[in-house]
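Q: Protein chains in written order, with the numbering used here: chain R, 17 to 277; chain F, 5 to 358.
Possibly wrong hints are sitting among the right ones.
Derived list of chain R stretches under chain F, where covered just means 3 residues or more per stretch with a C-beta under 8 Å from a C-beta of chain F [stated by the list, open to error]:
id, stretch
1, 66-73
2, 121-131
Chain F is faced by these chain R residues, among others (derived, beta-carbon under 8 Å) [claimed, not checked]:
id, residue
3, 19
4, 90
5, 107
6, 223
Since the hints were derived computationally from the structure, they do not count as laboratory data.
Where is the CB? At the ideal position from N, CA and C, for every residue including glycine.
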Amino acid sequence: MTSLSFAGVSVAYEKSTAVHPFTDTVRPGEWLCLIGPNGAGKSSLLRSVAGLVKYSGQILIDGAPLDLRSTRRRASLVAHVPQAPSIPDDMTAFEYVLLGRNPYVTYFGRETASDRDLVRNVLDRLDVAEFAERRLGTLSGGERQRIVIARALAQEAPILLLDEPTSALDIGHQQQALELVDRLRREHGLTVVSAMHDLTLAGLYSDRLALLHQGHCVSSGPAEHVLQAETLSEFYGVSVSVHRDPDGTVVVVPRRTMPLA
Amino acid sequence: MTAPVPAPTATVSRRSWWLVIATALLALAFLFGAMIGPAGPAWWRVPLELLDRLPFVSVDSGASKLQSTVLWQIRMPRVVLAGIVGAMLSLAGASFQGVFRNPLVDPYLLGVAAGAGLGATVVIVVNRASTQSWPVDPLPLAAFVGGLVAVLLTYLVGAAFGASKASATLVLAGVAVTSLATAIQTFMLQKNSEVVRQVYSWILGRLSTATWDDVRLVAPYVIVSGGVLLAHRRLLDVLRIGEDEAQSLGAPVDRIRLTVVVAATLGTSAVVSVSGLIGFVGIMVPHLIRFLAGASYRRLLPLSVLLGAAFLILADVPGRILSDPAETPIGVVTAFIGAPFFIVVLRSRQGATR
Numbered sequence: 017m018t019s020l021s022f023a024g025v026s027v028a029y030e031k032s033t034a035v036h037p038f039t040d041t042v043r044p045g046e047w048l049c050l051i052g053p054n055g056a057g058k059s060s061l062l063r064s065v066a067g068l069v070k071y072s073g074q075i076l077i078d079g080a081p082l083d084l085r086s087t088r089r090r091a092s093l094v095a096h097v098p099q100a101p102s103i104p105d106d107m108t109a110f111e112y113v114l115l116g117r118n119p120y121v122t123y124f125g126r127e128t129a130s131d132r133d134l135v136r137n138v139l140d141r142l143d144v145a146e147f148a149e150r151r152l153g154t155l156s157g158g159e160r161q162r163i164v165i166a167r168a169l170a171q172e173a174p175i176l177l178l179d180e181p182t183s184a185l186d187i188g189h190q191q192q193a194l195e196l197v198d199r200l201r202r203e204h205g206l207t208v209v210s211a212m213h214d215l216t217l218a219g220l221y222s223d224r225l226a227l228l229h230q231g232h233c234v235s236s237g238p239a240e241h242v243l244q245a246e247t248l249s250e251f252y253g254v255s256v257s258v259h260r261d262p263d264g265t266v267v268v269v270p271r272r273t274m275p276l277a
Numbered sequence: 005m006t007a008p009v010p011a012p013t014a015t016v017s018r019r020s021w022w023l024v025i026a027t028a029l030l031a032l033a034f035l036f037g038a039m040i041g042p043a044g045p046a047w048w049r050v051p052l053e054l055l056d057r058l059p060f061v062s063v064d065s066g067a068s069k070l071q072s073t074v075l076w077q078i079r080m081p082r083v084v085l086a087g088i089v090g091a092m093l094s095l096a097g098a099s100f101q102g103v104f105r106n107p108l109v110d111p112y113l114l115g116v117a118a119g120a121g122l123g124a125t126v127v128i129v130v131n132r133a134s135t136q137s138w139p140v141d142p143l144p145l146a147a148f149v150g151g152l153v154a155v156l157l158t159y160l161v162g163a164a165f166g167a168s169k170a171s172a173t174l175v176l177a178g179v180a181v182t183s184l185a186t187a188i189q190t191f192m193l194q195k196n197s198e199v200v201r202q203v204y205s206w207i208l209g210r211l212s213t214a215t216w217d218d219v220r221l222v223a224p225y226v227i228v229s230g231g232v233l234l235a236h237r238r239l240l241d242v243l244r245i246g247e248d249e250a251q252s253l254g255a256p257v258d259r260i261r262l263t264v265v266v267a268a269t270l271g272t273s274a275v276v277s278v279s280g281l282i283g284f285v286g287i288m289v290p291h292l293i294r295f296l297a298g299a300s301y302r303r304l305l306p307l308s309v310l311l312g313a314a315f316l317i318l319a320d321v322p323g324r325i326l327s328d329p330a331e332t333p334i335g336v337v338t339a340f341i342g343a344p345f346f347i348v349v350l351r352s353r354q355g356a357t358r
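Sequences are here, hints too, so could you generate the full structure?
A: This is the structure:
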């Protein structure tokens, strides 16, 4: 199992700073969920780990700086599922998941038989083997989401980054996808960092939440600590009521500002 | 519970089936191309004549010495050159479509065609007659250099105004450079209207004057360029999911794009310099293959080579017969096939997305 540390990581674009120095350590096997309003810097933080944006500060994987790794080595440590993955309609599911093996294939090389076996194995485990030869364009949203997660899993990276993994799914498929991630992280000892909008689901599945606001981490800790009505109304500008179920689940319910007629 | 996964051999054998069919088609096209045309041996003697040339095989084809010369010095170089040009154009087209992630992109995209046209025009205008006696014909060379300079200019303009990742900027720079080169060419033609005919016959593409020298001239470039492009077929598949995601999978996106664009440009410039501008091949052939055999570049690139060659060899045949004794330029033939093909493609795409 692998730990992921941020030591004063900041991300700046040409005109604005998306993430102000962020420091945190995600323990091996932990699931950290980044929450916060749109534009808070959640995606930028994930993209910095995935090597897609420049950052200053240090990102450490098991204590070793990430920026010293080659792109291929980094890709074998960190798998990133973007918010809106681009899905080529005419690519088969098998071809798509096989792309996850890219970090292990040399520039001019080809995938070996064991790469293909591994992909078949991943498809089996996610119950999507029946889609292997189907074109992605013919799959439903929930099926595609599984295939995308399968690709990330084929990367065999110990750290999994999920950017809004459920935003395009209905409530049933949201639960399915998150259950799947939870199962996989237990089976494989994955360290997970996700960005999510649904606060109840975020609190339900992750071990810890970090609330970002305008690039600053303003609150971090277990769900019952971060998900408080006053905190949320301050940073999201919403009126919510927070309930605690007997089993410890924290439920965040929006409130109408206009009284019901 | 898991459904059985198709055996790996299923995909492998389907892929090699396509290769077998495409190779057979190319062989047929080659034979057909060698059989048709004026002044050669009777068509049925051609296969015998070809067999006779194989090592350890001796067949009497019954063709006269003159007919045999026509076949080997006029028809064969033409067929071989058509094959090389067709293979290169459709391979370059498919590769450009891969790096720019747009199936409608064409091998002339970055200004190769206009630059080569300008280079050829300069030579013809400056004085075609005086160059006839040169040991090396400067026209292909000028076209080659013109094409490369235009693409280099496109790159400089694109890099000056766009971030390294903006493919759209590069394409727009290509459009600007193309317009500039075309404008200069038009200006030169206006000042020297007596060479318009000559320039146009070059621009519309011709294989009729092909010699073995032309084949020897382009072969090294095409082999290098083709080899590099074919070696990138797996990486082009990785690029299909977009630059960011390819990058997050550890693919060196900038390096792949630069290498593929340089190789495809080099190959295109080389074939343009001997054949003129032959349109539509680089879009039509890859498109047809995508439709028939799927969009994976691992299949698309090798099939583009085989079927691109077969297509252009066949497309060169009607030109020899249609307006006998004059030739119909091959660029006109491919445009006649390509334009309606395009309309059909656009229609079916529209139907598919609704």
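Q: Let me make sure I understand: some of the numbered hints might not hold for this structure. Which ones are they, in numerical order?
A: Structure breaks hints 3 and 6.
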